[in-house]
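Enquirer: Next come the chains, spelled out residue by residue.
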Amino acid sequence: MKRLALALLLAGCADERALEAPAPVGIPGCDALDEQPVFFESTVPGSAVRRDQLGAAPQVSWTSGAPDLVFFAPIDSAARVVRVEGFDHLFTDLDGAIGDYRADLARVAIDDGAATLLVGVDSAALCALAEPPGRLPVWISSSTDTTTLWIETE
Amino acid sequence: MPPVDVEVPAPVCDVADPPPVLHYPLRAHLTSALDGVPVDVAMSHPGRMELHQDATIEVAAAPDSAAWGPALGRGEVFAETTGRTNGTPITSLLTNRLGGVAGWIRVDLLGLCTDGDLPTELTVTLSTDDDSVTQRILLGGGA
Numbered sequence: 000m001k002r003l004a005l006a007l008l009l010a011g012c013a014d015e016r017a018l019e020a021p022a023p024v025g026i027p028g029c030d031a032l033d034e035q036p037v038f039f040e041s042t043v044p045g046s047a048v049r050r051d052q053l054g055a056a057p058q059v060s061w062t063s064g065a066p067d068l069v070f071f072a073p074i075d076s077a078a079r080v081v082r083v084e085g086f087d088h089l090f091t092d093l094d095g096a097i098g099d100y101r102a103d104l105a106r107v108a109i110d111d112g113a114a115t116l117l118v119g120v121d122s123a124a125l126c127a128l129a130e131p132p133g134r135l136p137v138w139i140s141s142s143t144d145t146t147t148l149w150i151e152t153e
Numbered sequence: 000m001p002p003v004d005v006e007v008p009a010p011v012c013d014v015a016d017p018p019p020v021l022h023y024p025l026r027a028h029l030t031s032a033l034d035g036v037p038v039d040v041a042m043s044h045p046g047r048m049e050l051h052q053d054a055t056i057e058v059a060a061a062p063d064s065a066a067w068g069p070a071l072g073r074g075e076v077f078a079e080t081t082g083r084t085n086g087t088p089i090t091s092l093l094t095n096r097l098g099g100v101a102g103w104i105r106v107d108l109l110g111l112c113t114d115g116d117l118p119t120e121l122t123v124t125l126s127t128d129d130d131s132v133t134q135r136i137l138l139g140g141g142a
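First to last, the protein sequences are chains A and B.
Just so we're aligned: the first sequence equals residues 0 to 153 in numbering that gives the first Met the number 0.
Just so we're aligned: the second sequence equals residues 0 to 142 in numbering that gives the first Met the number 0.
Bear in mind the hints are in silico, worked out from the structure with no lab data behind them.
Since this is a predicted model, take the numbers as computed values, not measurements.
A few of these clues could be false.
Claimed, not checked - Selected chain A positions facing chain B (in silico; Cβ < 7 Å):
hint	residue
1	Gly28
2	Asp30
3	Thr42
4	Asp75
5	Tyr100
6	Ala102
7	Leu104
8	Ala105
9	Ala127
10	Pro131
11	Pro132
12	Pro136
13	Trp138
14	Ser140
15	Thr143
Claimed, not checked - To spell it out: a stretch of chain B is covered by chain A in this simulated footprint if at least three of its residues, at any positions, have a beta carbon under 8 Å from a beta carbon of chain A; those stretches are:
hint	stretch
16	10-23
17	49-62
18	74-87
Just so it is clear, CB atoms sit at the ideal spot from N, CA and C, and this is done for glycine as well.
Can you make the complete structure from the sequences, with help from the hints?
Expert: Below, the structure written as structure tokens:
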């Protein structure tokens, strides 16, 4: 019988089509955060995702590892964005309309060579914790791989 | 190839403000790309961990607004989970045409809290007829 070797293809594996672990994203510490959620863009290049053999458009999924603290929104939902000095890719002051729906699962098609969405962190909820975690996981998945995007508080 | 551990922050076990249910995207790949191979999935805490497919995870309806409408109209998914399910958990997955399997591990964190000592490690074992691999989910990895 042909032996089937099970392999969890996660961050750092050698398969050229495995998702690579993205660099951690830093957000300010609680002494620098206000009550508003902070957002940043998360992008996965289409080249990192296996093509479905049937030719269907591949998709990338994001899952919050802290559903009460981290959520997602469409990239075009941002009515106004402001870059915060000193933190790459960090935006705030988004349209409040997205704040009433906390998507903790998202699946986005690869368009123009990449899949992108906004990742939001509920600053108020995070900083209300007695011991806020120093980092929060977001799992990024294709149909066969999962990797972790870490959000780290400064 | 050894499995890679998954880390999540330790839940805050406060009954008045219970931790949300956790959904972990289980994605695995058979190095032999065979379609339709059954893969059994066993968990360390079966009373508090379940394997689900997309269709049995309950989500709240997305608002019909300018912020969400365009993305949902494109067929994208932005789902707010309710913590409930509307179907029976499963115990195995079938490989797809890419030799991969995909499912969701649902973890009842509040249930783990009320069981007594909160575990620091959960495990998920995937098995075929002649091989198996175990992945660990470490609670407290976000500290």
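Enquirer: Confirm or reject each hint.
Expert: Verification of the hints:
Evaluation of the Gly28(A) hint against chain B yields a violated restraint, the C-beta minimum of about 15 Å exceeding 7 Å. Because the closest C-beta pair between Asp30(A) and chain B is about 19 Å apart, greater than 7 Å, the hint is violated. Violation of the interface hint for Thr42(A) is found here, the shortest Cβ-Cβ separation to chain B being roughly 15 Å, above the 7 Å cut-off. Taken as an interface hint, Asp75(A) checks out: its beta carbon lies about 6 Å from the nearest beta carbon of chain B, inside 7 Å.
For the restraint placing Tyr100(A) at the interface with chain B, the shortest Cβ-Cβ distance is roughly 5 Å, inside the 7 Å limit, so the hint holds. Proximity of Ala102(A) to chain B holds as hinted, the smallest CB-CB distance being about 4 Å (cut-off 7 Å). Hint status for Leu104(A): holds, given a least beta-carbon distance of 4 Å to chain B, under 7 Å. Hint on Ala105(A) holds. Least Cβ distance to chain B is approximately 5 Å, under the 7 Å limit.
Interface restraint check for Ala127(A): the shortest CB-CB distance to chain B comes to about 10 Å, outside 7 Å, so the restraint is violated. Below 7 Å, beta-carbon pairs count as interface contacts, and Pro131(A) has none with chain B, the closest being about 9 Å; its hint is therefore violated. For Pro132(A), the interface hint holds, the least distance from its beta-carbon to any beta-carbon of chain B being 4 Å, beneath 7 Å. At about 6 Å, the closest approach between the beta carbon of Pro136(A) and any beta carbon in chain B falls short of 7 Å, and the interface hint on this residue holds.
Annotation: Trp138(A) was flagged as interfacial toward chain B, and the flag holds, the nearest CB pair being 5 Å apart, inside 7 Å. Given the 7 Å rule on beta carbons, the hint for Ser140(A) holds: about 4 Å separates it from the nearest Cβ of chain B. Because the beta carbon of Thr143(A) sits about 3 Å from the nearest beta carbon in chain B, less than 7 Å, this interface hint is met. Beta-carbon proximity to chain A at under 8 Å applies to 7 residues in the stretch 10-23 of chain B; the threshold of 3 is reached and the given coverage holds.
Figure legend: the stretch 49-62 of chain B, annotated as covered by chain A; annotation consistent (5 residues with Cβ-Cβ distances under 8 Å, at least 3 required). Residues of the stretch 74-87 of chain B with a Cβ under 8 Å from some Cβ of chain A number 7, which satisfies the need for three, so the listed coverage holds.
Going down the numbered hints, you'll see the structure goes against 1, 2, 3, 9 and 10, while the others check out.
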